[in-house]
Amino acid sequence: MYEHDVIVVGAGGAGLRAAIAAQEEGADVAIVTKLHPVRSHTGAAEGGINAALREGDSWEDHAYDTMKGSDYLADAPAVEALCTESPKETIQLEHWGMAFSRDEDGRVSQRPFGGLSFPRTTYAGAETGHQLLHTMYEQLVKRGIEVYDEWYATRLAVSDDERPEDRTCHGVVAYDIQSGEIAGFRARKGVVLATGGLGQVFDHTTNAVSNTGDGVAMAYRAGVPIEDMEFIQFHPTTLPSTGVLISEGVRGEGGILYNAEGERFMYEHGYANNAGELASRDVVSRAELTEVNEGRGIEDEYVHLDMRHLGEERIIDRLENILHLAEDFEGVDGLDEPMPVKPGQHYAMGGVETDENGETCVAGLYAAGECACASVHGANRLGGNALPELIVFGKRAGQHAAGRDLGTARIETGKRGEYEVGEVDTPVTPGEVTGREPGDVAADGGAAPDGGHEPDGSGARETRSDGGATAELTPDECVERAVTDERTRVDALMSRDGTNHANIRAEVQQSMTRFVNVFREEEGLKQALRDIRDAREAYQDVAVSDPSRTFNTDLIQTIETRNILDIAEAITLGALVRDEFRGAHWRKEHQERKDESWLKHTMLSWNDGTPEVWFRPVILEGEEKAYEPKIRSY
Amino acid sequence: MSTQLPETETQEAEPETEQPSKGDERRAKRRRRAAERERERQAEEAERAREAEDTVQLKVFRYDPEVPEKEKPRFDEFHVPFTKGMTVLDALMYARDTYDSSLTFRHSCRQAICGSDALFVNGRQRLGCKTQIAELEEPIRVEPLPHQEVVKDLVVDMEHFYDQMEAVEPYFQTNSLPEGELDEQRQTRENREKVKMSTRCIWCGACMSSCNIAAGDNQYLGPAAINKAYRFAMDEREGEDIKQQRLEIIEQEHGVWRCQTQFSCTEVCPKDIPLTEHIQELKREAVKNNLKFW
Numbered sequence: 001m002y003e004h005d006v007i008v009v010g011a012g013g014a015g016l017r018a019a020i021a022a023q024e025e026g027a028d029v030a031i032v033t034k035l036h037p038v039r040s041h042t043g044a045a046e047g048g049i050n051a052a053l054r055e056g057d058s059w060e061d062h063a064y065d066t067m068k069g070s071d072y073l074a075d076a077p078a079v080e081a082l083c084t085e086s087p088k089e090t091i092q093l094e095h096w097g098m099a100f101s102r103d104e105d106g107r108v109s110q111r112p113f114g115g116l117s118f119p120r121t122t123y124a125g126a127e128t129g130h131q132l133l134h135t136m137y138e139q140l141v142k143r144g145i146e147v148y149d150e151w152y153a154t155r156l157a158v159s160d161d162e163r164p165e166d167r168t169c170h171g172v173v174a175y176d177i178q179s180g181e182i183a184g185f186r187a188r189k190g191v192v193l194a195t196g197g198l199g200q201v202f203d204h205t206t207n208a209v210s211n212t213g214d215g216v217a218m219a220y221r222a223g224v225p226i227e228d229m230e231f232i233q234f235h236p237t238t239l240p241s242t243g244v245l246i247s248e249g250v251r252g253e254g255g256i257l258y259n260a261e262g263e264r265f266m267y268e269h270g271y272a273n274n275a276g277e278l279a280s281r282d283v284v285s286r287a288e289l290t291e292v293n294e295g296r297g298i299e300d301e302y303v304h305l306d307m308r309h310l311g312e313e314r315i316i317d318r319l320e321n322i323l324h325l326a327e328d329f330e331g332v333d334g335l336d337e338p339m340p341v342k343p344g345q346h347y348a349m350g351g352v353e354t355d356e357n358g359e360t361c362v363a364g365l366y367a368a369g370e371c372a373c374a375s376v377h378g379a380n381r382l383g384g385n386a387l388p389e390l391i392v393f394g395k396r397a398g399q400h401a402a403g404r405d406l407g408t409a410r411i412e413t414g415k416r417g418e419y420e421v422g423e424v425d426t427p428v429t430p431g432e433v434t435g436r437e438p439g440d441v442a443a444d445g446g447a448a449p450d451g452g453h454e455p456d457g458s459g460a461r462e463t464r465s466d467g468g469a470t471a472e473l474t475p476d477e478c479v480e481r482a483v484t485d486e487r488t489r490v491d492a493l494m495s496r497d498g499t500n501h502a503n504i505r506a507e508v509q510q511s512m513t514r515f516v517n518v519f520r521e522e523e524g525l526k527q528a529l530r531d532i533r534d535a536r537e538a539y540q541d542v543a544v545s546d547p548s549r550t551f552n553t554d555l556i557q558t559i560e561t562r563n564i565l566d567i568a569e570a571i572t573l574g575a576l577v578r579d580e581f582r583g584a585h586w587r588k589e590h591q592e593r594k595d596e597s598w599l600k601h602t603m604l605s606w607n608d609g610t611p612e613v614w615f616r617p618v619i620l621e622g623e624e625k626a627y628e629p630k631i632r633s634y
Numbered sequence: 001m002s003t004q005l006p007e008t009e010t011q012e013a014e015p016e017t018e019q020p021s022k023g024d025e026r027r028a029k030r031r032r033r034a035a036e037r038e039r040e041r042q043a044e045e046a047e048r049a050r051e052a053e054d055t056v057q058l059k060v061f062r063y064d065p066e067v068p069e070k071e072k073p074r075f076d077e078f079h080v081p082f083t084k085g086m087t088v089l090d091a092l093m094y095a096r097d098t099y100d101s102s103l104t105f106r107h108s109c110r111q112a113i114c115g116s117d118a119l120f121v122n123g124r125q126r127l128g129c130k131t132q133i134a135e136l137e138e139p140i141r142v143e144p145l146p147h148q149e150v151v152k153d154l155v156v157d158m159e160h161f162y163d164q165m166e167a168v169e170p171y172f173q174t175n176s177l178p179e180g181e182l183d184e185q186r187q188t189r190e191n192r193e194k195v196k197m198s199t200r201c202i203w204c205g206a207c208m209s210s211c212n213i214a215a216g217d218n219q220y221l222g223p224a225a226i227n228k229a230y231r232f233a234m235d236e237r238e239g240e241d242i243k244q245q246r247l248e249i250i251e252q253e254h255g256v257w258r259c260q261t262q263f264s265c266t267e268v269c270p271k272d273i274p275l276t277e278h279i280q281e282l283k284r285e286a287v288k289n290n291l292k293f294w
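Note that the protein sequences, when read in sequence, are chains E and C. Per our numbering, the very first residue in the first sequence carries number 1; after that it's consecutive. Per our numbering, the very first residue in the second sequence carries number 1; after that it's consecutive.
You can trust all of the hints, since none of them are fake.
Each pair of labels, with its calculated beta carbon distance range:
| no. | chain 1 | residue 1 | chain 2 | residue 2 | range |
| --- | --- | --- | --- | --- | --- |
| 1 | C | GLU77 | E | ASN274 | 55 to 61 Å |
| 2 | E | ASP405 | C | GLU166 | 33 to 39 Å |
| 3 | C | GLN132 | E | SER58 | 47 to 53 Å |
| 4 | C | GLU77 | E | GLU24 | 49 to 55 Å |
Derived coverage of chain C by chain E (criterion: at least 3 residues anywhere in the stretch with Cβ under 8 Å from a Cβ of chain E; other residues may be distant):
| no. | segment |
| --- | --- |
| 5 | 27-41 |
| 6 | 111-118 |
| 7 | 183-197 |
No wet-lab data here; the hints were simulated from the structure. By construction, the Cβ of each residue, glycine as well, lies at the ideal position given by its N, Cα and C atoms.
Excised from the complex, chain E in its bound form:
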């Protein structure tokens, strides 16, 4: 067993920032990551970091824009933390040497982005994420922080108290990809989940292949509520063939969208008469798809994004990376011709429920970055708000996990404070396949392992059999038990015969893209739940056919596929229960925002395999002012 004060799972922007912050608090910290840190998907972020740095701008304006952009589903305490701390955190990166683009006077450049009332997006060409990731990894090397790279964390070691709010996280179990060793990582003070996005739930996504929602799924199955999962952001400009992202920076610099008839449709068809191409992402994505659906798309699939008029010099200076992407992945020279673009899955606004300090309702368990929902993005994330989220909440989670007092959070977590229980009418029973037995498909990865551990629900503390008597499990024993369960699961997957995970994964991805995309209707959502159910049944027979313990990607992907199933179902359940139109969540049968009944977060609890829906009111009261819901127009 490995032992540290703080274990950070994931090494993208949030994970690295959390590790640095925890170490600065004096903690012995280690990172466990299934990739090497510089391979993390933060590196693919292009646009920039919103921070109120300039005269004429203020954190209050940034907060206002963010609340409005969220369609009033973000929690004000989290948004205010984001906007007040982003300037300092952004300049901290600059002090660490990050290669930001510069103005004539040598200061960092800022540019306009969608939904912002001030050009406050700080950037480094169209490769801001790459520069940020590498700058932070450099700081990690400088500080000698330990990294277990290519170790895949697959299970949280959480005590099995009946109520999640009484549980404690003592560590994680991870699998050394190179050697096949399965080991426990005991965290004396806390575990920070920073596992990033879940785009692989869809088959057209800007996300990396490794973004399979592992952290969200792990926490969900350990009893931690997950929040606002239905809010998936579709980015309006992705390359049609691959899903590769074309930064919003192109539109920020003045890029124009045209339909097949050469019309600048954002204006000519009245989608956003003021902001045009720079309306927020949900508005532009729907506009594009409407154009395609009404027969004004190119090849019935996409629209054109034109940046030629910006001139070669400006393009090279600020968007050079975009030229390479269009050339390498679509064979288009952006200096000579418009680029084909269509909406693609881009970002998960929802995730593991945390408060503004990054803490979940399970003691010792934190989450930050895209896998978490604090919530700062509500129903729609503004471009340029993901990177400040990583550094602000990564830092806060790291500090808190290391023991620093950040004050009492205003956002409540778990079933504490005000909440209401909900109901959702589903065509099939969601959740685990019933009647399963230990070893049948030992691919759970939850808190209470299958069989043998206090299934009576008596609320007994973590117990062990001790010659007839029972005693509390020590934290070490809790981790050991999780390791044993994980070994059993992996052995079962590897030793038996069965079906390959790849088809199951592909079927779920296709169903999600077909039915739970930009446009959603009730029957489609129900069909997606049926498809996911079928996939769950098929997964009962899943087996790993590569017998090797060395770098077994077949095994990794089989475990990831289980995560994809649980996450896909959560997204669809949330989308079905929310019968209104808010932010990125569009429902055919419900074409209005219903503030009287829906100013609340959708919460899902796994409850040992039976997903339960409940709601928590959104917090619109900030430190000094309340954010009044208004009609969102651009």
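Chain E is fixed; fit chain C onto it per the hints.
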């Protein structure tokens, strides 16, 4: 299909204490049928692809020290249906997901920024994700990066590469931080422009693998690490004394002077970083620096 490993075999060999239930048998039977169907499907797909007109032929290096059939390195042939815009990575993923789930390679972002899928394709280091199949001659030979230890199939051990990167103190150092926590260390546009290309490195290891010198001298820092040193040495925000320290690192016995300007690193760099130029510039800096003491 799955071969038992020694440790699981030992467990299996122990006498069973409980009789398997009817349910267990049924499930096992169902799984065997599922596995059978899977094998049939794979065979059919492979057959169909071989016969189809528009397919690409890949010859892929295979090796696994743990599996008897793969202990001896060999090449496997895969026929993959060609679609427009298909990359080497797409073809490998197709082969893995359709024919052989044990085919092993690293990949993640598939947009040339994570640097994990550097491979040796038709005799040259390239990123699988940004190499179009249409531009290659068939059969397409896919091998792991040369001069690195192979872990399995196309996966190489990157430890040595990472160690070399870390040997050059790859982090920004300055002793003139502005006082205010919101004040920037101003940098001219020209200076940013000067270091810009060097900051694009994605640590894929293609350059190191293509370098003859690195192949013969295990201690040579190599193009990527020297480029990393360049990124900081040329940044005007790092002070003169720190630059001095950096020059000492890159001037060491296995540093810049080992480079014989063969340009192979520059040729293969997927991010078009002028690596050889950067190394030469550091050599000039080092000479200038030494002359100062005369």
